Amino acid sequence: MVEAKETEKDIDYRLMRAIQNGDMVAFNEMVDRYKKRLMNVIGRMLSSPDEAEDIVQETFVRVYQHRQSFNFQHCFSTWIYTIGLNLARNELRKRRRFKHYDIDDMQGNEAEFAIEAKVPSRLPQVLDAAIKNLPNKYRAAFMLRDLQELPYDEVAKILNIPLGTVKSRVNRARMILREKLKPRLESHNALSKSTLLPVSLL
Amino acid sequence: MRCRKVRSYLSAYCSDELGGRRKLAISEHLATCAECRREEADYRSLAKTARQLSAINIAEDFNTRLLDRVARERFAETRSKAYLPRKAPVVRWTVVAPAVVTACLVFAFIMVGLQTVLDDYSPGIASVANDSYLTAQPMNNPNMTNSMQKDWSLASQMSRANRLDRMSQRIVNRIRTTSMAPTSGLFNVSARANQPAPWNQTYYRVRPVVRIYQAPDIPKGEETAY
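Residue numbers (this note's numbering), protein chains in the order written: chain S, 154 to 355; chain V, 327 to 552.
No wet-lab data here; the hints were simulated from the structure.
None of the values given here were measured: they were computed from a predicted structure.
Accuracy of the hints is not assured; some may be wrong.
[Claimed, not checked] Below 35 Å or equal to it, Euclidean Cα-Cα: the simulated DSBU-like pairs (lysine-lysine) are:
(1) S/Lys335 / V/Lys349
(2) S/Lys162 / S/Lys188
(3) V/Lys331 / S/Lys285
(4) V/Lys374 / S/Lys320
(5) S/Lys290 / S/Lys189
(6) V/Lys374 / S/Lys162
(7) S/Lys188 / S/Lys335
(8) V/Lys349 / S/Lys285
(9) S/Lys333 / V/Lys349
Input sequences plus hints: build the corresponding full structure.
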């Protein structure tokens, strides 16, 4: 087999060409490839999973509508994340303008607090909550970089901000998260001692 | 390097994003400073936890619902490509009416003028009608959007021209069939197209051009000789 391995980018381009020719099977495949990634980012920006799912759906519809305007110069992932994040940001902005408070929401929060006060929840859950509370601009950069593990330059393209700004925002987000999770991280580290002990002391 | 500076680079160091010299300086510092080492451990477990964060569940029927929606989108697209109106055409009579009225008035004035000229020469009317035609000047159509305006393809130009041709034919026929008594004064002529105008059609200001030929000077009594 001499055939070179198809990279992620190549797969995206191949699917996108098929979609431009009206291939719905390719579109379905594309949805399967990206729905989880988008949901992981957008779901952490909006409060309810239902809303997030609507936004993800809307993102794919936009992709379909504007399929002909995709020029194969950037990564497809950059394009779709840009669309999705813009839609999510619009949603957040809309909500801030109306500022509605849902009674069910408040009760839900109360219940969560109660549980948290009793049983210390696991570290990933605490981190999830902390990410949700990050300021918007740090959150998007942090999620794209550390959760989706995209390279810095792609994050910069998606958010349409300079590379240096992305780096500083990610750094800042990590610092904020560490500050918030400090007590829990320390107990976590104490359990797995190997990371704490320097080589010289062993 | 001092602790303060080391700490500003620490998270990047833990995610392995630093270049050679800086990385070396930090690892040297970490070997000697317990405080910074503790912080390093924090960042490492933070990065690890972030990678392990559970995926947010997505509904089972997500794909089906999405594809349904896209199918509807596709349908709408093919409809608009076939130039079928999506909704009932909205004809703004406030825009159309003045054009029609001016056209009629201009026509009427010309015909009145014609009447006075042709009063004595009734055979002349036939030759007028045969050679008359309409000129059309496109007007702004408020119902027309930008994307429609771009449609200057030959096909659409031709269809517009055809349409105008048909309308002028109808007007001319009307003139021919109307018995125009030499004594009649002001009269109205108008034509309506067979099918309603598509909503993406331009509006035209229509002016009739009437060619007048001098009929041979024949006294009234000898008309029957023709």
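So, going through the hints one by one against the coordinates:
no.: 1; hint: S/Lys335 / V/Lys349; verdict: holds (24 Å)
no.: 2; hint: S/Lys162 / S/Lys188; verdict: holds (16 Å)
no.: 3; hint: V/Lys331 / S/Lys285; verdict: holds (29 Å)
no.: 4; hint: V/Lys374 / S/Lys320; verdict: holds (19 Å)
no.: 5; hint: S/Lys290 / S/Lys189; verdict: holds (22 Å)
no.: 6; hint: V/Lys374 / S/Lys162; verdict: holds (26 Å)
no.: 7; hint: S/Lys188 / S/Lys335; verdict: holds (33 Å)
no.: 8; hint: V/Lys349 / S/Lys285; verdict: holds (31 Å)
no.: 9; hint: S/Lys333 / V/Lys349; verdict: holds (26 Å)
Of the hints listed earlier, there is not a single one the structure fails to meet.
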